[in-house]
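These protein sequence lines map, in sequence, to chains A and B. The first sequence begins at 1 in the UniProt record's numbering and counts up by one. The second sequence begins at 1 in the UniProt record's numbering and counts up by one.
Hints were generated in silico from the structure; no laboratory data involved. Among the hints, erroneous ones may be present.
What the hints assert, rightly or not - With a cut-off of at most 25 Å between alpha-carbon atoms, the simulated DMTMM-like pairs for lysine to aspartate or glutamate come out as follows:
| # | chain 1 | residue 1 | chain 2 | residue 2 |
| --- | --- | --- | --- | --- |
| 1 | B | Lys-482 | A | Asp-301 |
| 2 | B | Lys-143 | B | Asp-9 |
| 3 | B | Lys-428 | B | Glu-539 |
| 4 | A | Lys-100 | B | Asp-164 |
| 5 | B | Lys-186 | B | Asp-164 |
| 6 | B | Lys-181 | A | Glu-144 |
| 7 | B | Lys-181 | A | Asp-44 |
| 8 | B | Lys-508 | B | Asp-473 |
As the list claims (entries may be wrong) - Example chain A residues on the side facing chain B (calculated, C-beta under 7 Å, incomplete):
| # | residue |
| --- | --- |
| 9 | Gln-28 |
| 10 | Phe-37 |
| 11 | Asp-42 |
| 12 | Ala-43 |
| 13 | Glu-79 |
| 14 | Pro-86 |
| 15 | Ser-133 |
| 16 | Thr-140 |
| 17 | Ile-157 |
| 18 | Trp-158 |
Beta carbons are placed, not taken as given, at the ideal position from N, Cα and C, and that holds for glycine.
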Amino acid sequence: MLHYIARRFALSLVTLFVLSLLIFFLGQVLPGNVGRFLLGPDADQQAVEMLNHQLGLDRPLLVQYGTWIWRFVQGDMGESYVYRTPVVAFVSQALLHSLKLAAVAFLIVVPLGIMGGIIAALKVNRPLDRIISLGGLTATVLPEFVTAILLILIFGIWLRWLPISAAWPDGAGALGQLHYLILPAMPLVLVLFGYIARMARAGMIEALDSDYTRTAVLKGLPWRLVIWRHVLRNGLLPTIAVVATQTGYLVGGLLIVETLFRYQGIGSLIFNAARGRDFPMLEASVMVIGVTYAVATLLADLLYSFLNPRIRMVSSR
Amino acid sequence: MTRNIKLLDTFRSNLTPIENHLVDGYLYGRVGRREFLRHGSLLGLSLPFLGRVALAAGFGATPSMARAGDQPGATIRVALQAPTGAINPLTNGDEGGIVMAQQVAEFLCIDGTDRVVRPCLATSWKPNQDGTVWTFTLRKGVKFHSGAEMRADDVVATFDRVVDPQSGSNARMVFKGVLQKGATRKVDDYTIEFHLDSPSGNFPYLVSSANYNAVILPASYAGGFEKTWDGTGPFRIEKYTQKVGANFVRNDDYWGSKSLPARTEFIFFTDIQPQILALQAGQVDIINSLPAVSGVALLSDPNVDILSVNSAAHQLVHLRCDVEPFKDPRVRRAVALCLDREKLVKGLMKGRAMVGNDSPFAPVYPSTDPTVPQRKRDVAQAKELMKAAGLENGVQLTLTTMQYLEIPEYAQLIQGWVKEIGVDLKLKIMDWTSYVGDAALGKSPWLDATMGITPWYHRGVPNYYFTAALMSDSPYNAAHFKSEQFDTLTKSYFATLDLEAQRAVAGKIERLLLDETPNLYGYFYNNLTAVKKGVVGVESNAMHQLFLQNAGKA
């Protein structure tokens with residue numbers, strides 16, 4: 001098991017290194033001049049060149065990369081070109097926000113999706129299965145901006161039950177913050193519900209149809225125990241992998257939801273940094289997402305191998 | 001009403017010949033009331049004085065800027081486009097940054113809602129006879145929020161800083177060929193003189209709020225505005241959070257009438273749609289800047305008042321005069337004749353714009369010559385011009401532009417219209433940074449494209465459009481238009497102080513530009529501000545600046 005963890009960890013480090021190269025050098029090929037962007041089209045060329053020099057943008061690319069990555073691994077994310085303040089404050093704040101929103105969405109959608117999948121599998125090809133499957137599929141294919149605007153119109157503008165901005169007031173406690181996060185979490189729940197429910201349903205149907213389930217039934221185990229001990233444990237394995245792969249999306253891919261609900265998450269931080277050629281902010285944010293994603297998939301793999309000994313055995317060979 | 005000749009004579013006895021010529025123009029109907037007020041204030045005549053002249057002339061009193069008259073102490077909440085970077089009044093060029101600085105800091109004069117320049121930190125101003133020296137008298141008893149009194153040293157330092165090539169200020173382009181470092185001189189603690197490189201008849205606009213970087217800061221200012229927010233304005237900073245918003249409170253030491261709201265809250269957004277939803281949900285009272293196209297849902301909303309200010313802001317279509325097929329002015333005129341300007345105003349801009357006549361002389365400028373014929377759509381004539389230029393079989397072109405407001409839709413309309421004269425127009429739409437590139441020839445799609453569309457903000461006077469984009473040595477002359485005659489006329493326009501003389505030169509420039517057509521000015525769009533019903537006293541100007549000191553809730 002230790003060997004497996006070490007291998008997975010090393011693989012994550014390689015992934016992050018490749019990601020750092022990609023984000024740094026792809027950032028450089030974005031058209032436009034940082035100094036010109038920051039000072040505006042009317043600024044003097046002399047001032048633009050001076051600013052580029054101050055920011056170190058006139059140094060060779062490899063030197064810039066080396067300096068950045070060396071500082072980054074030491075915990076120094078650099079200073080924002082745009083805001084002239086350390087990036088770490090923005091990134092940590094945005095990451096915290098994104099994690100909060102992701103947590104709320106996860107806490108709602110994972111039990112709901114799994115439950116939906118289990119019910120659909122147990123009532124396979126019956127009306128309830130059709131409703132869950134079709135309803136989930138419909139919710140998944142609807143773009144987030146459509147569901148988000150619909151939810152805002154219904155709950156924010158017509159009924160006025162929930163605030164349409166996810167930015168809670170200063171000093172709001174956990175419950176107060178939750179009140180502001182419910183509406184933004186709903187489009188994510190709708191997007192993910194169908195996906196998780198379908199995976200859970202498929203895994204469950206396969207497990208229900210397996211020999212070990214038939215054996216457990218035939219040896220006289222109570223139906224509930226068969227489901228709990230044998231079907232769920234095996235049937236939900238693919239769902240765990242699916243949930244883990246959605247972490248990156250939930251933490252860093254919520255640009256539309258963050259924009260519509262005016263939420264300062266890391267998705268909009270990345271988008272605005274790319275748009276504003278704020279490379280230190282862009283690089284740090286992407287790397288943080290990369291680390292989050294790597295940690296989530298590592299944890300999922302560990303959980304998967306814990307639940308499924310065959311994985312451990314294969315990997316240890 | 002009757003005319004009081006004796007009183008008029010008394011008023012006129014102290015006026016300069018140029019000022020008297022303006023009064024003559026008003027008395028004999030050559031100059032309208034608005035132009036009289038606007039140009040009179042530009043020359044340094046106070047609005048009360050102009051009002052007394054109007055009364056004596058039998059035209060009635062001038063309107064006054066009234067306060068809301070509602071309960072003071074309200075909290076006004078504003079949806080604002082998020083500033084694109086750190087707030088630095090010296091270099092900010094985006095709406096968010098400009099509005100933030102303007103909440104706490106002020107200008108020598110204000111280019112207001114009615115585009116009449118009014119005293120603010122300067123109480124009066126006067127040009128010398130040829131307009132090369134402008135003397136400004138500063139208001140006494142004005143305090144910065146830090147407690148220091150504003151004096152001439154602060155104003156001199158402000159303008160020296162603004163025109164310094166190292167500053168990176170957008171205002172440098174405004175002062176190009178007009179004001180240099182060291183040319184702002186202190187006469188005494190409350191009087192300064194601007195010694196100009198060349199005569200300028202519109203100079204007060206260059207030091208007004210219309211030149212948004214010319215905000216008066218303490219002489220000691222050395223950057224880091226977000227730490228001090230030290231200005232002279234009616235509001236003080238309470239809290240500023242980058243990317244989130246800002247709160248301001250009433251400045252009880254303000255030199256003028258104390259602001260009615262006790263507090264203002266600015267909430268930053270990165271897109272217009274959430275701003276509209278926030279207004280509809282009652283979470284904000286004002287959307288500072290509402291684009292007509294994407295804000296159409298609010299234009300007819302009975303719960304919302306739309307403040308619409310005519311401006312000179314436009315989407316400039318350039319046609320490169322130094323490359324084929326636009327080397328031939330007939331081809332440029334042919335393209336211009338395809339535009340259906342009425343449709344642009346009524347359809348594309350939902351009636352919130354004014355028709356353009358292919359010159360930067362927008363209808364809002366008093367110096368625009370109203371006798372110049374308006375260019376109208378004429379496809380038959382356009383086809384004849386194409387035939388005369390040897391292009392009757394058509395031509396393939398690319399229009400390069402950026403994703404901003406209604407520009408993509410405008411480009412598509414042009415694409416459809418020019419097809420009728422055989423122009424197969426491909427569209428290349430980029431993001432802002434890619435389009436601007438290095439803003440230098442050979443390194444910028446904006447300046448290199450054969451045909452392009454570029455947004456230009458409003459300016460109090462058209463001077464900036466000439467120095468930046470139209471004169472032979474203009475750095476952003478995307479049309480690559482070079483004309484000695486045009487340059488001479490433009491310099492003459494800049495130097496003219498008298499309104500009717502300005503109009504005469506403007507007329508020549510407008511006719512020349514119609515003939516040459518290096519650029520298309522299809523329409524000039526209004527600045528729209530959406531205000532929730534019941535919120536009164538909100539003032540916004542054509543520069544998107546927002547004045548909330550008289551705002552209240554009914």
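- Message: Of all the hints numbered above, which does this structure not satisfy? Sort the numbers upward.
- Response: 1, 2, 3, 4, 6, 9, 13, 14, 15, 16, 18
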